[in-house]
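Chains as they are written, first to last, in this note's numbering: chain A, 1 to 372; chain B, 1 to 372; chain C, 1 to 372.
No wet-lab data here; the hints were simulated from the structure. One or more hints might be untrue.
Note that the list lumps identical chains together, so a pair holds whenever it fits in one copy or between two copies.
What the hints assert, rightly or not - Pairs of lysine to any residue residues, derived as SDA-like cross-links and limited to a Cα-Cα distance of at most 25 Å, are as follows:
id, residue 1, residue 2
1, 344, 28
2, 224, 102
3, 369, 18
4, 344, 27
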Amino acid sequence: MGTSTRQASPFLSTFPGRYYYDPAIYAQEQECIFSRMWVYGGVANSLPKPGDYRVLQIASESVIVVRNKQGALQAFLNVCRHRGARLCSAASGHLNGSIQCHYHAWTYGLDGRLIGAPNVLNRPDFERALYGLHPVALEVWQGMIWLNLSNNPPSLREQLDDPRVHDFGSNGAIERYCIANLNVGKTMVYEVQANWKLIMENTLECYHCGPMHPELCALLPQYKTGLIDGNDGTEFADNVEAFTITGEASRPPLPGLLPEDHRRYAGYFGMPNVFLNLLSDHVAIDWLEPLGPASTRVTSEWLFDPDAMASPDFDPMDAVDILDLVNRQDWEVCELAQQGVTSKAFAQGGNYAPLEHHIRDFVDYILEKLES
Amino acid sequence: MGTSTRQASPFLSTFPGRYYYDPAIYAQEQECIFSRMWVYGGVANSLPKPGDYRVLQIASESVIVVRNKQGALQAFLNVCRHRGARLCSAASGHLNGSIQCHYHAWTYGLDGRLIGAPNVLNRPDFERALYGLHPVALEVWQGMIWLNLSNNPPSLREQLDDPRVHDFGSNGAIERYCIANLNVGKTMVYEVQANWKLIMENTLECYHCGPMHPELCALLPQYKTGLIDGNDGTEFADNVEAFTITGEASRPPLPGLLPEDHRRYAGYFGMPNVFLNLLSDHVAIDWLEPLGPASTRVTSEWLFDPDAMASPDFDPMDAVDILDLVNRQDWEVCELAQQGVTSKAFAQGGNYAPLEHHIRDFVDYILEKLES
Amino acid sequence: MGTSTRQASPFLSTFPGRYYYDPAIYAQEQECIFSRMWVYGGVANSLPKPGDYRVLQIASESVIVVRNKQGALQAFLNVCRHRGARLCSAASGHLNGSIQCHYHAWTYGLDGRLIGAPNVLNRPDFERALYGLHPVALEVWQGMIWLNLSNNPPSLREQLDDPRVHDFGSNGAIERYCIANLNVGKTMVYEVQANWKLIMENTLECYHCGPMHPELCALLPQYKTGLIDGNDGTEFADNVEAFTITGEASRPPLPGLLPEDHRRYAGYFGMPNVFLNLLSDHVAIDWLEPLGPASTRVTSEWLFDPDAMASPDFDPMDAVDILDLVNRQDWEVCELAQQGVTSKAFAQGGNYAPLEHHIRDFVDYILEKLES
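With the rest of the complex left out, here is chain A:
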């Protein structure tokens, strides 16, 4: 936890105001954080078959994530090597064994190698190996895809094991949830008119839970007290069986959980852009993609056990509705916070109350990344 910014008052300061709106700082973040760190890129099980693909925007790059013929996931810049045309325009879909450019019919295998180029491929002076798609580093951890735009990135492990990242939520419990075995049962996409760091700060504290989230507090009563520092998780209320809009359980617990996990809400932060809600019968992933200094897309994915999903009675909405409600309450105040950051009253930033002090670690972590 940073110390240089501690004040005589009970407060630590947030980022200075300009960090939440200045396009130059946003560009620096895109370069130093989103173009150099591993970033979350969706659930691996969402692309089950060879040829299944998804297109992601990371910093200023469009990236194709595709399952190749050997069944492994690979990622490439979505740019033809000939004249630069966008290859895949849809957000997701299925490729029949190759990726073909619409413009001049240059064609690439699912592994990125150039396999077709009319009038060019067979020329003796053409070294086709130099014209494959540009690869993007990809690793899968706990069923989650991570991508890195760097040419020679360190391992994902190194980023996840950074002790400062561990301060944002231990990854000890996460393995018991076996996310790699779960499937997505529902996806919702929100466009929030707030800087992505305001959304992270919102997620990192529960000082706001009492005023903002009465329904959440009915399930998780400790959040109402405002006495929880951090978001390490908490017990259900006595009359609550599951983290659903009714508080009733409609699915069996996930296999592999300990009894202590059954009546508990736990969180996990994956820096820089993902937050996991770990529940007894599902996992909900909140995935942040900055769209601009004051705009962020949040994609929420609700994952369930495939056996539960195979049931004719399966209905994800009791799990979806409670978090969707909490999400919308949060986006509203994040947008109100965004509206204040340009004021001269916020030029030096705002104040974290004592219950929010741990967020300063997030601020210091980001500031260090921006200076690197």
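Starting from the known structure of chain A, arrange chains B and C on it as the hints suggest.
Chains B and C alone, transformed into the frame defined by chain A:
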């Protein structure tokens, strides 16, 4: 009146073209004029009761104007001292005795003092007096609210009594209209795609009245001649009783006027952003708020005597319709003028004809403010 | 053809990526190319009568092109000399002998001379000759209007006869089509989300014709082979009578053509912003107007012999439909290409295949203009 720019021709020059579109000059105006001068901010009688509030945007600040429990108007930056969230989102409304932030329930009195902050307010190390809302200077003159974002502004009086401001219209007659006793009977809001100074220049001359305003000239025939230099006011046509769309009077004269005021149109400019139309039976206020280099919101407020408004026959529309018609004619040509300012033909500015020479004082006044 | 950029591989490189999206380079193009070169500005016969006018946007200028009382075309900046107001707001129309400003009724003849200015024109100290509309250089060549914003431009002839321009298509054949005798039978306007140079590059090669334009290749089979270097024109397929959607002829050949022209498609590039499709029974003009770094308006005009148009059976759509189809196919891939130019994979540009090598001349020509 500036002399250095006089030419051998019968013309004086306008601002150079870039003053009407360059974002850097716009930013300088926001800083040197709208953030340092007193600016008009609405009719005091529009907020009659304690708790009544209005939110204004001045330069880059959102400002709450509220009537406090003692019945006085106060103004504050619309920014919570904790994490900076916008406090009041509606354009106007009523507060029940306090201003509460939606995010973490920090609460301020109508006088801006912090009176609630969960888990923080009662800590011994917390000096609550340091965390009240940031005040904005406010004065009321002739029933009109004026606001100043400076920390230690000079008095409003000093700005109003500036002899250069007096050139834009004497404030001698205005006191007879007793605006503090009038109430708003109608409000119209226009968004004009023109720089705010083009709108001021339009208001400052009547050379355009003949070609543009036949209905206005029918009421005020001297405006048709193009021989009036300035906008000091003029007499009604012989067959005209009142400044209405029909020329007929439907309300008694305002109390306090002299007989010479009864058949006369008079104007008053309040630099930098308000113009008053002073008529026998009403006052119409045109209030300019720059939205960008090429966009200005104009709010027109028609004020009447409360006794007239209490009549079951009261209908403001005969007064509204004539000025609304003139307004729309003016906005059309202001927008045409805006379209020309980026041309190389206008790089050095355009020309004020002799009847418009007095506008050069406005130009010089603004240029001096920008250099200060 | 430039040599310095040749590579050991069979490829030459395109512009670096930033030339297709950087606003600074776009501004430089507007200054060095569109504000200094002659640019195409429509068909002269579209303004047949004195008073007929058209308003064009060239670089940052709005320009009035009008036929004067003597029957000649003239062009002026669309800016009043008094206060700068836009004079003509419609895209085209008819003026009854003069151009009058809406604002203060200043009035100009169709030759640009100031002929009215209330209260000013007759003052002894007013030199009206100094206050005419700013002229824009205009020449008509082969029935096409060309405009030049420079104060003292070289002749249009000099630009057309530049030997590097001749590389983009000889103007030998064009005279036989007698465009000055044709009339516009159909106009279509497209807004393409791509840099104007990507559209020029698309027009300059037929390597994409096989994959993208099956209907075109059915009419012009050599285009399917991908073996035509450049766009010098090609013969119809054996069963094709005319360049129409059906391949059947519905109009007689244009008078003046040689027999060798009757079954042939020929192209002509007029740098920087026009491309002509020369056919046996019509001429189709594609006119590019950059709207921004990533946006271009393309206006397609189909011209026919007036005698053919006078026929009660005249229907231009068989000619229109084939080129409209090809146009839409081209705009789609131009937009895909635009989406790739900001990628780091395209920072140094893409590659021209051997069949596209001649386009590098266009790149070098533009780069030279930008450095001048």
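Problem - Ascending list of hint numbers which this structure does not respect - result: none
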